[in-house]
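Listed here are the chains, written in short residue letters.
Protein chains: 2
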Amino acid sequence: AIFEAAVVALAPKDLAGHTVLVTAGPTREELDPVRFISNYSSGKMGYALAKSAAQRGARVILVSGPVSMAAPYGVELVNVNSAKEMREAVLQRAEECTVIIKAAAVADYRPTERSSIKIKKQSDERTINLIKNPDILAELGTLKKRPYLVGFAAETGKLREFGLKKLKEKNADMIVANDVSQPDAGFNVETNRALLLFQGGREVDCQLMSKEALAGEILNHILAELK
Amino acid sequence: AIFEAAVVALAPKDLAGHTVLVTAGPTREELDPVRFISNYSSGKMGYALAKSAAQRGARVILVSGPVSMAAPYGVELVNVNSAKEMREAVLQRAEECTVIIKAAAVADYRPTERSSIKIKKQSDERTINLIKNPDILAELGTLKKRPYLVGFAAETGKLREFGLKKLKEKNADMIVANDVSQPDAGFNVETNRALLLFQGGREVDCQLMSKEALAGEILNHILAELK
Numbered sequence: 001a002i003f004e005a006a007v008v009a010l011a012p013k014d015l016a017g018h019t020v021l022v023t024a025g026p027t028r029e030e031l032d033p034v035r036f037i038s039n040y041s042s043g044k045m046g047y048a049l050a051k052s053a054a055q056r057g058a059r060v061i062l063v064s065g066p067v068s069m070a071a072p073y074g075v076e077l078v079n080v081n082s083a084k085e086m087r088e089a090v091l092q093r094a095e096e097c098t099v100i101i102k103a104a105a106v107a108d109y110r111p112t113e114r115s116s117i118k119i120k121k122q123s124d125e126r127t128i129n130l131i132k133n134p135d136i137l138a139e140l141g142t143l144k145k146r147p148y149l150v151g152f153a154a155e156t157g158k159l160r161e162f163g164l165k166k167l168k169e170k171n172a173d174m175i176v177a178n179d180v181s182q183p184d185a186g187f188n189v190e191t192n193r194a195l196l197l198f199q200g201g202r203e204v205d206c207q208l209m210s211k212e213a214l215a216g217e218i219l220n221h222i223l224a225e226l227k
Numbered sequence: 001a002i003f004e005a006a007v008v009a010l011a012p013k014d015l016a017g018h019t020v021l022v023t024a025g026p027t028r029e030e031l032d033p034v035r036f037i038s039n040y041s042s043g044k045m046g047y048a049l050a051k052s053a054a055q056r057g058a059r060v061i062l063v064s065g066p067v068s069m070a071a072p073y074g075v076e077l078v079n080v081n082s083a084k085e086m087r088e089a090v091l092q093r094a095e096e097c098t099v100i101i102k103a104a105a106v107a108d109y110r111p112t113e114r115s116s117i118k119i120k121k122q123s124d125e126r127t128i129n130l131i132k133n134p135d136i137l138a139e140l141g142t143l144k145k146r147p148y149l150v151g152f153a154a155e156t157g158k159l160r161e162f163g164l165k166k167l168k169e170k171n172a173d174m175i176v177a178n179d180v181s182q183p184d185a186g187f188n189v190e191t192n193r194a195l196l197l198f199q200g201g202r203e204v205d206c207q208l209m210s211k212e213a214l215a216g217e218i219l220n221h222i223l224a225e226l227k
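For the record, the sequence lines run as chains A and B.
All letters in the first sequence, in the order written, are residues 1 to 227 by this note's numbering.
All letters in the second sequence, in the order written, are residues 1 to 227 by this note's numbering.
Check the hints yourself; a few may be wrong.
Pairs count within a copy or across copies, as identical chains cannot be separated in the list.
Unchecked claim - DSS-like mimics (lysine-lysine), calculated; alpha carbons at most 27 Å apart, straight line:
1) K120 to K132
2) K168 to K13
3) K158 to K120
4) K166 to K118
5) K132 to K227
6) K118 to K13
7) K145 to K120
8) K121 to K166
9) K165 to K120
10) K13 to K158
11) K121 to K227
12) K13 to K120
13) K158 to K144
14) K158 to K121
15) K84 to K13
16) K118 to K165
17) K84 to K118
18) K165 to K121
What the hints contain is simulated information worked out from the structure, not anything from laboratory work.
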């Protein structure tokens, strides 16, 4: 913590005055008290963004799904489990923010019903019915006075196509598209490569680098856009 | 590690000569490269059993699902993800073992199909078809020369009823039944209380204690039964 405090003290404070909300990690959508649907998001990219933004002087709110990392020094941590909880935590705080970065891997669907007791194993086959979760990024995109909005697109191919579709449909300012099927990018590794897509058609191709370095790049672009 | 080594050196070696296989943690059953069904098992009970058995002189094989703990000192760790992988790892090694303790929370079902690419969000509703996973404990129960078999029953009520049913159906020697709906027992907490059910009708009620203490109790009962 002493080292962290020193790093924070020495970093340029180019995000001072900004309130940056970062979402990170997976969500868990419960079937019953013990079982859930989730995904491989480790939260590393989101935590790197939160850490870097805090070091650069921003007030940082980190809305995090279940991960096995400690919160970075100086950020306000809000722990959530499900997509519905994440939506509530984000929308409650959206008006305070100048920037929102949605790095979390929010589950697209949740079980239609959650059993309050553990479901017993019975027949050889079972069916789970799912219903679409609220789309937090799209909701933020419709806010009247909205913060600078960055979304992530975790894909296993067609990066540009899916990324541009998301940029348009969600009314985001930037989409960070990355290919999670690569062994050196995406979920639960220390490195990433990403295609940054901006409103207006600009694109930046970020080659393989650490998630900390990519976090710095993303924040540089946000800052340039806000000026 | 030096402290651990000292503890191991000083503990009574009453399990020397035994090979104890412990399964621990949850399994993950993938829907596609990023999404899976899992459960809240932290692996703490299984890791406590593996640690205690190793300290008491047993050769310990720990077959572990994805958890965020390091393996205890001196155990052979085998990492697995899905129920099918866990089954293979356990059955391959069953003949070497004098005791198998199935503390893992193996998923009862897995998706019938796994998509090789990330499934895109589309309609408002979706259905997942599941098929029953192999029942590892029941398979072990049918082995001709079988080790002493301990199963766990994680329930949210009707402990004795479900535990006795499992004991009989799986041909296990002992079932450790615990109520995972209690805030101080079951998944992801440091303490547990359990009902130990034995072939022949004996029952032992273990009141609230640390998972380490319960691990010691369970091993004491196994040792007494093996003599």
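For each hint, the structure was consulted:
1. K120 to K132: For K120 and K132, the Cα distance is within 27 Å both inside one copy (25 Å) and across copies (12 Å).
2. K168 to K13: neither (32 Å within a copy, 66 Å between copies)
3. K158 to K120: between (40 Å within a copy, 12 Å between copies)
4. K166 to K118: between (37 Å within a copy, 15 Å between copies)
5. K132 to K227: neither (37 Å within a copy, 56 Å between copies)
6. K118 to K13: Neither way: K118 and K13 sit 50 Å apart in one copy and 39 Å across, limit 27 Å.
7. K145 to K120: This pair counts as neither: shortest intra-copy Cα distance 48 Å, inter-copy 30 Å.
8. K121 to K166: between (39 Å within a copy, 12 Å between copies)
9. K165 to K120: between (41 Å within a copy, 12 Å between copies)
10. K13 to K158: Cα proximity of K13 and K158: none, with 37 Å in one copy and 59 Å across.
11. K121 to K227: neither (58 Å within a copy, 35 Å between copies)
12. K13 to K120: neither (55 Å within a copy, 39 Å between copies)
13. K158 to K144: Neither. Shortest intra-copy (32 Å) and inter-copy (53 Å) distances fail the 27 Å Cα cut-off.
14. K158 to K121: between (39 Å within a copy, 15 Å between copies)
15. K84 to K13: Answer is neither: 34 Å inside a copy and 51 Å across each miss the 27 Å cutoff.
16. K118 to K165: For K118 and K165, only the inter-copy Cα distance (16 Å) is at most 27 Å; the intra-copy one is 39 Å.
17. K84 to K118: both (21 Å within a copy, 22 Å between copies)
18. K165 to K121: The answer is between: 13 Å across copies meets 27 Å, while 41 Å in one copy does not.
Consistency note: the structure conflicts with the earlier hints numbered 2, 5, 6, 7, 10, 11, 12, 13, 15.
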